[in-house]
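Colleague: Each chain is listed here by its residues.
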Amino acid sequence: MNRSRSSPMRTSFVLVMIVLLGLGPVHAEDVGERWGTEERERDYYPIVNITLPKDTVIEAGAFAVLSDRQFAVGTRRGEIFLIDGIDAPKPTPSFHRFASGLDEIFGLSWKENAFRVTQSCELTRVSDSDSDGVADRFETISDGWGYANYHEYAFGSKLNTDGSQFVALGLSASYYSHALNRGLIMKIAPDGKTTAFASGLRSPGGIGFDEHGALFYVESQGPWNCSCSLKAVSPNSFHGHPASFNWYPFSPELGPEPEMPKTESRIVTEKNRVKQLVPYAVIFPYIRMGRSITAFSVDRTQGKFGPFENQMFLGDYTQSILMRATTEQINGVWQGACYPFREGLSTGILNVEFTPGGNLLCGGTNRGWPVRGIKPFALERLEWSGIMPFEINRITIEPDGFQVTFTKPVEPITGNAPSSYAISAFTHPYHAGYGGPEIDQHQPKVKSVSLAEDGLSAKLVLEKLDPGFVYELDLVRLRSCDQDELLHRNAFYTVNEVPSR
Amino acid sequence: MADNQLLAIETTMKKVYLGMLLLLSSSMASAGDSALPGNHPLTQVQAGSLLISELRCAACHTDVARNSIPEKTAPDLAEVGTRVTSEYLQKFLASPLTAHPGTTMPDVLGARSESERKKIAEAMTHFLVALSTAVASLEPLESTGSVDPAQGKELFHSVGCVACHGTKESASDSQRNPKHNSLVDDVDEEEAEDPARAASQAIKPMVVPLEHVATKYSVKSLSDFLFQPLRVRSSGRMPDMKLTPSESFAIAGYLVGDQPGPSAPLIPDAALVSAGKKHFQELNCAACHSLKGFEAAPPVGSFMTSSFKTADFTAGCLSTVPGKTTNDRGPRFDLDNNQRQAIVAAIREDAGVRGNTAVDSDPVALARTLTVFRCIACHVRNDYGGVHDAYNSFFKGSEMNLGDDGRIPPPLTLMGAKLKPSWMKKVLFDGESVRHYMVTRMPQYGSANLQHLPSLFRRLDVLTGPQMNIPNPGGRNESERQQEKLIRAAGRELLGDKGVNCVACHSFNGKAANVNQGIDLLTSFERLQPEWFHRYLRNPGAFRPRTVMPTAWPDGVAAFTAILDGNTDRQIEAIWYYLSLGTSAADPSGVRAVSTKIKVGEQTIVHRGRSRIAGFRGIAVGLPERLSYAFNAETGTLSAIWQGDFIGVNWSGQGSGDFNPASEPIALPQDVSFVALENENTSWPLLPVMTKEAPTNPDPLYPKNVGYQFRGYFQDKLSIPTFQYRSGTIEIKDRSVVEGTGDQQRLKRVFQFQSPTPQIIWFRALVGAVHRESDQVFRSGRLRLHIPAAETKLRSLSDELTQFELLLRLDIPQGKSSLELRYEPIKK
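Chains as they are written, first to last, in this note's numbering: chain A, 246 to 746; chain B, 347 to 1174.
Keep in mind that the hints are not guaranteed to be accurate.
With a straight-line cut-off of 25 Å between C-alpha atoms, the simulated DSS-like cross-links for lysine-lysine are [said to hold, decoys possible]:
#1 A:K335 / B:K1094
#2 B:K857 / A:K299
#3 B:K1094 / B:K1063
#4 A:K438 / B:K465
#5 B:K1050 / A:K299
#6 A:K335 / B:K588
#7 B:K945 / B:K742
Read the hints as simulated data drawn from the structure, not as lab findings.
Note that this is a predicted model, so its numbers are computed, not measured.
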């Protein structure tokens, strides 16, 4: 294991990593170093606290947009509140309790005057038949899974274009699969017909569609997962944790049971052997980019939320931070990048959703697991101040390197210097152990850089680009034309495939 | 106090011993120059410089320094007609100082005749009203809807308005005494023997008068202003008090009172609008009020020229006599002699000019900021500021036992060393607050106005403390890890009720404390700097003379000698470390676990969650008659009944919503209830059993593989649920209501069947030591079951003939049919 070579720019961080990764068990207590960018971030993306009604506990688990005005939150305490006025400049929205008595809401969407609620026990249609403003019909759409351990959470997607929905089922106690279909993603047809869709989940944190309409779920670090990641879900795909192989005999629609993956291997190796194994699309390097990432939402605000249109935004429970992610499909395989976005939220973030006004509502709780945020629960609204931050906007792969776009024009002297682009790469082992180190670290040389005339993008040619590695870009030396430093210097691209020339 | 004295004190504070600090903050040293109200520390020149900026001399004069504090801006006039009644507007324009004594708006028509003033004011009113989208008008209270002036009065006197405005009564006093205005309270000239006492008495409470608002605004328009004052007055001198719309409305109702209105709305007259527009330009209103399409006139006299410095200040802008200005357009301000003298002193000493350290050093800039934004009306810093005696009783808190700490805003002394910069910004700019018990609110002044404040505090306040050695949780070696464990255990013990018992008076991660509800301990690490935390814990009294917070280390000596060898520094370190772990560490001993009792009122309550008495897909139903039951939705089974309190729900830890009956339940089996048995001897299909040794469900499709499917429930007007499920091809509706009262109370359960074909299905009604009391009455333990005439089978489950199951054989016809059962709980 080679973990001694590291970028001099991040010495302190690497020290932390060495301590955490190699020598001794990783304690669950340290929530990790801060990015240290909070003070600057607030100029661009201020956080507005949403005042909650007195004596009301809102541990947000899922959100839904009903109309231009109305917004809804589903909570871990099984309530659904309709929120009016979420986008007011000084928000004092009204909260109306529409439904109660449900069990851990981690999926909420609104269709034809009814909510579709994913709770631990089932997917339920919740509606108000007598129009008195309070739900009175709770119709089971699907309960096609076992539920026999409190940790068996269920996360529901929004509705697909064909009216179907996906539910991601966490393992029993997050390690095993003792109850039916735990560790699978179920597809629920509009008529409620429930079929197994994908396997290999560990402890999902959300499921939904990316900017291209492709299905992704959020996976947490743990056995067979050295970091949290976004995983691209296709029919019959296997996502790395074999505990759910139990249920192949019950679900012929999943096809043959995959080969058992070998531990102490690499994803790039095993995916050739285990043909259903889908490599992790976007790896969020553990601790640097969250410790337990949660559900995402795609920015379709048409610029109201700033320069990151179509990108995925997601939170982290432990570190109370927000990150961005972008995806692209190369040779039929999904991959992409993640980027730091905002830290300093007040509670563990379980879900995020864009409001009708183009703000990002974030919510969650700090109960049960380590969380940096100090509030037991909170709803916070992120809004764009209108000031353009200098950020890495998006990284895409090229046959011989990366294309990096920026939110503001890069000043040409630093922008054209290969030394301004420090690249380091690592991979993770693929193994049954809990979490795991960053290994095979190396610093590929940047052979050349060409900054676009407008300064808004740069093409990097690397001497070497290998599938199976996460490439970290550290662009701290770049300056914008107006002499701004990058708000966040790093971004991380997971390479599964390299496009051919 | 001389400016160098202020500097000296600020510098001393950095090094001062805390005992000394106590001395300083408890004594009221002499107040600053009387040109400004409140217990501020500014000298005459500094006060003059502040007035120059607050009165916006730079709007017309050049070479006036724009110092670190953004100057006061004039209100936005874009919608002034919507906000302000036209009657008031006209009166105010004609003579601002009469309409609103204490206004910082100068009288620019002083040299004009009465009729000319009136004419100009009328034209300008028409012009301003024409700019607005609606016209404000007076309104009688009842026309404004549900305004509650009593609530408004309560809010006005508790959220903090009084600190700057005084009470309505004191405001009328100031109206009668024109020397009281928003910028100054005059000083009694009486001699006193004790100079400190004299100085303290000389500090009059601030009174920014509000009498004019009753005719200026309607309830609605004042309410809008109070809700978001910075939209109109962006410089934050009137801060956002974090009011909700309904609170703003109530306060507005209280302040405005019953108005005579509605007055006839002013319809702008084109000729007057155009004349008003001309006046607006000519009178150079745009110098202070930015309005689209208007440019300020070129500046007049520079503050720097020597002729200006030696000018005759009894004329010009500072003239006391109307009309005695250098030209008849000159503005006249409502100033008293102290203020005039302060301004003159500042001009003569170049104090208004950039780079003059007498007015531009960090301590002065901070004192200026705290004075301008009236932070000193609520907060003490070093030897200045603080709640005035006259207003002290209006500061209230919900935690009486916390004493003044629970109701008087915290001191700003050493604030820069106390709060982490990120938290200070959250308090100043994001409205964060941890003192939920304090009724007075920390106002919001707008981040643009106080952008400079956090770094100013930081530069001035430095507190050294011993190095906090925080262990590394991912320790490098065994001894480090052992050390970490030791410190963690010590921190937990000290915080808990077996130690210093911090949790007795501080809540912990939202969990209520046992005695007082002080600041949540979990916020400490996020908010505070370690050095300050250390010094504060050692001796809270040094920071807050009358604090109720005790010290566990009197004179620096630990009371708990068995923990960490009684080493004070290490004990405090351990507490700090423990708090740094946040929610990742266990709650200290003495923090109460949260089990939420759910109470049933007039409506039935349905609660889903796992439970030992209803399985993972459990549903508890609490009926208003204090009879509750549990339904296992996984098997379609009524699995428990109890009388009395409903349920306690566990909403702590990782799990969520698991419930337990709040009274002792009568538990029933949880296996599937309806099965089409092959014959009467076929054994009942039972719930699969998982054990620690064999945790995987051996029959994962149960009970769907015996035909059961849950389909949900609906609730009626009283929220009573009807469960719906299927057994094979039979659709079943299952609804239970209460019958009878007291000892006669029973749960009446009605099944409605809908079947496509005639068929036989078995219902398993009871299991256990079932005893047949009659053909239609069976008893098992504390439950008596009444069934209709039906074919029953009481089968033995054991050789000893102690365990039985009671089955009902149901002949279900095609179409609809029903079955009624009565469950009768038997009191012990």
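Colleague: With reference to the structure, classify each hint as holding or not holding.
Modeller: Here is how each hint holds up against the structure:
Our distance criterion of 25 Å between C-alpha atoms is broken by A:K335 and B:K1094, whose separation comes to about 52 Å. Taken as a hint, the B:K857 and A:K299 pair is honoured in the structure, with Cα atoms around 16 Å apart against an allowance of 25 Å. With a CA separation close to 18 Å, the supplied pair B:K1094 and B:K1063 stays within the 25 Å bound. Of the pairs offered as hints, the one joining A:K438 and B:K465 is violated, with about 80 Å between alpha carbons and a cut-off of 25 Å exceeded.
Straight-line distance between C-alpha atoms of B:K1050 and A:K299 comes to about 43 Å, which puts the hinted pair past the 25 Å bound. The hinted pair formed by A:K335 and B:K588 meets the criterion: a straight-line CA distance of about 9 Å does not exceed 25 Å. Taking the CA atoms of B:K945 and B:K742, the gap is about 32 Å. The hint is violated against a cut of 25 Å.
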